[in-house]
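Trainee: Put chain B on the given structure of chain A with help from the hints.
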Amino acid sequence: MPLNRNLNEEQVMLRETVRKFAEEVIRPVAIELDETEHFSVELTKQMAELGLMGAFIPEEYGGTALDYVSYIIIVEELSRVDGSNAATVAAHNSLGVGPIYYFGNDEQKEKYLPQLASGKLWGFGLTEPNAGSDAGNTQTTAVEDGDYWILNGSKTFITNASTEITLGSTILAVTGERPDGRKEYSCFLVENGTPGYIAKPIHKKMMWRASNTSEIFLDNVRVHKSALLGKRGDGFKQMLKTLDYGRLSIASMGLGLAQGAFDYALNYAKQRKAFGEKISTFQATAFKFADIEVGLELARNYLYETCRMANEGVKITKEGAIAKLYCSELAHLASNHAVQILGGYGLIKEYEAERYYRDAKLLEIGEGTSEIQRLVIARQVGCFDE
Amino acid sequence: MNILVAVSRVPDTTTKILVGSDGKFIDTNNVKFILNPYDEYALEEAIRLKEKNGGKVIAITVGPATAQDILRNALAVGADEAVHIKSEQNFDSFFVASQIAEYASKMKPDIIFMGKQSIDFDSLQVPSILSDILDLPLATIVTKLNYEGNMVKAEREIEGGKEVLSLQMPCIISAQKGLNEPRYPKLPDIMKAKKKPIEEIDAPNYENNIEIIGMELPSRSRLNKIVGDTDEDIKEIVRMLHEDAKIF
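Chains as they are written, first to last, in my numbering: chain A, 1 to 386; chain B, 1 to 248.
Just chain A, same shape as in the assembly (with noise of 0.2 Å):
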């Protein structure tokens, strides 16, 4: 199906600008920066100009209002080019904007939402050494103190929390225990530079080496009671929901990865000869890119059409888990695949082939991994139901 079929005006015109950037400014410094585990502020600066990071949050707080296709479409095509950049990007807008604009009060999104669209990042302080899967396991507590709360406790792998611009992290933390017995949990908007709270890059990374990823420590950190997100006790529901969101990030992501991929080993395969002939006509390197070229089809329209579904407030629980399953296990394929095609300088950094299937890992990782999404999925179709 083309490309665009069923988007408006802007969307394609969005594409075209995005591809465009991402090709000429990210994808020449994209292997040097992967190289030297750098984060560029430069290149996060040029992409809050262009309005990347406000994508959702609505023009009164200088954001740029997209629609969710819209915003995939961004998130995929820097994908297309660099994972690292596209992280940067998809998790400040989905993990950071997305909880405070979905349930910040006025006052929070007042005093946020414009900085965090014009080039400060924020980050979602979910999971712990301990805790991954198993948010349930959280083990940072806040305890109230008069006007206060103070938080103890450490989290990790937490996108953009310590660059240079970072202006904070929400931190889902243990509030107590609810009648029922089960912990209770809230989120707390707690800004870099806040006494007793340290944030610092994680190095050493197998993939979105270019990217910032965080541990975070917090000693006896206290906050104002004005930094509660929302309600005491919705924290656990802020972030399902946030995640709910989230896995359309990561789902394009995964497109993208997969599109790129594709087509940079289909540009090879169209020039590299062997045997006289180019590599593209062996019907061992067609099939793979026939292989490819089916997913893509079948999961960008599946991701746009659960896209349609979020902008309609219907519930993407399953859809956003299958769309990230499907999506992040096709940039798996096609990155391999990828590889396998430009053989021997396949392994080489030179080339791009090897940074894609680095960057192809964290998607069947990150933001639930491929067997929590298969869980969720079976959950909703009714396997574990009394």
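Bear in mind the hints are in silico, worked out from the structure with no lab data behind them. Among these hints, one or two may not hold up.
Unchecked claim - Simulated restraints, written as ranges between beta carbons of each label pair:
(1) B:Pro204 x A:Phe287: 33 to 39 Å
(2) A:Leu333 x B:Asp231: 56 to 62 Å
(3) B:Asn146 x A:Arg27: 32 to 38 Å
(4) B:Ile213 x A:Ile348: 49 to 55 Å
(5) B:Glu51 x A:Pro28: 24 to 30 Å
(6) A:Glu42 x B:Lys144: 52 to 58 Å
C-beta atoms are modelled at their ideal positions from N, C-alpha and C, and glycine is treated no differently.
Mentor: Just chain B now, kept in the frame of chain A:
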């Protein structure tokens, strides 16, 4: 300051071009069209001039109904208004220039910008014909501009060097790569472009001055000869170019 920018819609540089079934024009099916790359420099220059001096930028194009997307593009980048001279027929450079001239003679812009050429037919004629019809000074293939009062100093590329011209406004400038670094449209501006006005004008019927008799793709057959580097070989290359390839 009133600025007119003429833009055109051309096939994307990466598009595979095929000849249509009539053998006289390209097959436009499945062809992706873009704003002519040289027009991006013209548009950027116009917007910068407006940002400095105030006024407004009007983008104009001559083309079929489908050409409106490049006007939206120009509006997203920063043009204030757009004019679409609609014509579904295949036309030559004289037609395009005369339609732009017709509009310009009413609008009376202080300066007209356009790309040095459109990358579809590459005839480089529109700026010169427009200059002739409007009787306005023209600098083509311009790589640098300076403005002093109502004078424009234009640096242009010539064979093996550069030439500096001084023109009095109103005047026409055709832009070459290097004139500036075109900006990317900002996402909020893309969303707002739809609200900006596009004036539609039906072009009159017109008989082309130039008739396209036939169009074909370049022959792909090659001589595939490799020769050495002695004087005799060079003579042989000259002979082959002259007699076999008939290049000169």
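Trainee: Confirm or reject each hint.
Mentor: Hints, one by one, checked against the model:
| no. | hint | in the structure |
| --- | --- | --- |
| 1 | B:Pro204 x A:Phe287: 33 to 39 Å | violated (55 Å) |
| 2 | A:Leu333 x B:Asp231: 56 to 62 Å | holds (58 Å) |
| 3 | B:Asn146 x A:Arg27: 32 to 38 Å | holds (34 Å) |
| 4 | B:Ile213 x A:Ile348: 49 to 55 Å | holds (51 Å) |
| 5 | B:Glu51 x A:Pro28: 24 to 30 Å | holds (28 Å) |
| 6 | A:Glu42 x B:Lys144: 52 to 58 Å | violated (27 Å) |
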